[in-house]
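*Asks:* Sequence:
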Amino acid sequence: MAWVENLVRIPSGVSFAQAAVATDSIATAYHAVVTEGRVGPDSTVAIVGLGGLGLPAIQIAAIHGARVYGVDIDETKFPLARELGAVGCANGLDKFDDIAFDTVVDFAGAGITTAAAVNAVKPCGRVVVVGLAAKQMNLDTHSVITRNITLQGSIGSSLEELMEVLRLIADGRLSPILEEISFDSIPQGLERLAQGKVTGRLFTDPTA
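Numbering-wise (my numbering), the sequence shown opens with residue 1 and increments by one.
What the hints contain is simulated information worked out from the structure, not anything from laboratory work. One should not assume that every hint holds.
[To be verified] In silico EDC-like pairs for lysine to aspartate or glutamate, Cα to Cα no more than 16 angstroms straight-line:
#, residue 1, residue 2
1, 122, 24
2, 197, 98
3, 122, 98
4, 95, 75
5, 122, 140
6, 122, 102
7, 197, 5
8, 122, 97
9, 197, 171
[As the list claims (entries may be wrong)] If you anchor each label on the Cβ, the simulated ranges turn out as follows:
#, residue 1, residue 2, range
10, 171, 192, 20 to 26 angstroms
11, 171, 143, 19 to 25 angstroms
12, 206, 74, 43 to 49 angstroms
13, 124, 65, 28 to 34 angstroms
Glycine included, C-beta positions come from ideal geometry on N, C-alpha and C.
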């Protein structure tokens with residue numbers, strides 16, 4: 001049971017499923033991109049990991065006027081990423097060696113992805129790490145220091161950020177990627193998640 005001060009009214013036009021996803025993956029992506037990543041109209045941004053957080057992050061960066069690129073080892077995700085606002089996609093940051101990114105948001109956190117992000121941002125750029133795939137990583141500390149790079153962790157979101165995300169959904173500017181599954185098929189859904197075979201977020205309605 002939530003404290004009453006932590007309750008947020010769901011705006012008209014936002015479904016319960018959309019609101020449920022907004023509280024987690026979309027608000028988390030918003031916090032990483034906008035608050036920690038400081039992404040704005042003049043930003044060139046890379047989103048690493050085009051899953052349940054990375055795809056909303058593409059939309060959020062594009063909504064804020066950024067020029068946004070998507071990175072994932074699964075190239076089947078690229079058409080959707082482009083549809084959501086990515087101007088380019090590749091299976092590694094090194095494929096964009098002619099682009100100096102203001103911000104790279106790493107939703108994979110695989111160690112090598114964060115190390116690549118450090119090398120991909122321009123001097124005084126920002127690397128925001130959200131993913132937890134690797135507990136430890138090796139970084140080029142000389143690059144971090146001599147190029148004055150900010151390495152920032154990001155987790156969760158504030159109530160204000162959640163309310164802004166809900167407003168964006170209500171206004172039709174942000175479209176959650178959802179797939180409904182039956183309550184009985186949750187184990188299979190979790191297996192699909194583990195195999196990387198889910199686009200966006202799964203949800204279920206136990207009363208259905």
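*Asks:* For every hint, state whether the structure bears it out.
*Replies:* The hints, checked one at a time:
1. As the CA atoms of residue 122 and residue 24 are separated by approximately 30 angstroms, the hinted pair breaks the 16 angstroms bound.
2. A hinted pair counts as satisfied when its Cα atoms are at most 16 angstroms apart, and residue 197 with residue 98 does not qualify at roughly 31 angstroms.
3. For a cut-off of 16 angstroms, the pair hint linking residue 122 to residue 98 stands: about 11 angstroms separates their Cα positions.
4. Only pairs whose Cα atoms come within 16 angstroms are accepted, and residue 95 paired with residue 75 is accepted, the gap being roughly 13 angstroms.
5. For the hint linking residue 122 to residue 140, the alpha-carbon distance of about 14 angstroms falls within 16 angstroms, and the restraint holds.
6. Between residue 122 and residue 102 the alpha-carbon distance is near 6 angstroms, which keeps this suggested pair within the 16 angstroms criterion.
7. For the suggested pair residue 197 and residue 5, the alpha carbons sit about 37 angstroms apart, so the restraint of at most 16 angstroms is broken.
8. Note on residue 122 and residue 97: the hinted pairing holds, with a Cα-Cα distance of about 11 angstroms set against a maximum of 16 angstroms.
9. Simply put, residue 197 and residue 171 have alpha-carbon atoms about 29 angstroms apart, too far for the 16 angstroms limit, and the pair is violated.
10. About 31 angstroms separates the C-beta atoms of residue 171 and residue 192, a value inconsistent with the hinted range of 20 to 26 angstroms.
11. Under the hint 19 to 25 angstroms, the C-beta atoms of residue 171 and residue 143, about 40 angstroms apart, miss the expected range.
12. The hint said 43 to 49 angstroms for the Cβ distance between residue 206 and residue 74, and at roughly 31 angstroms that hint is violated.
13. Under the hint 28 to 34 angstroms, the C-beta atoms of residue 124 and residue 65, about 20 angstroms apart, miss the expected range.
When each numbered hint is compared with the structure, violations occur for hints 1, 2, 7, 9, 10, 11, 12 and 13.
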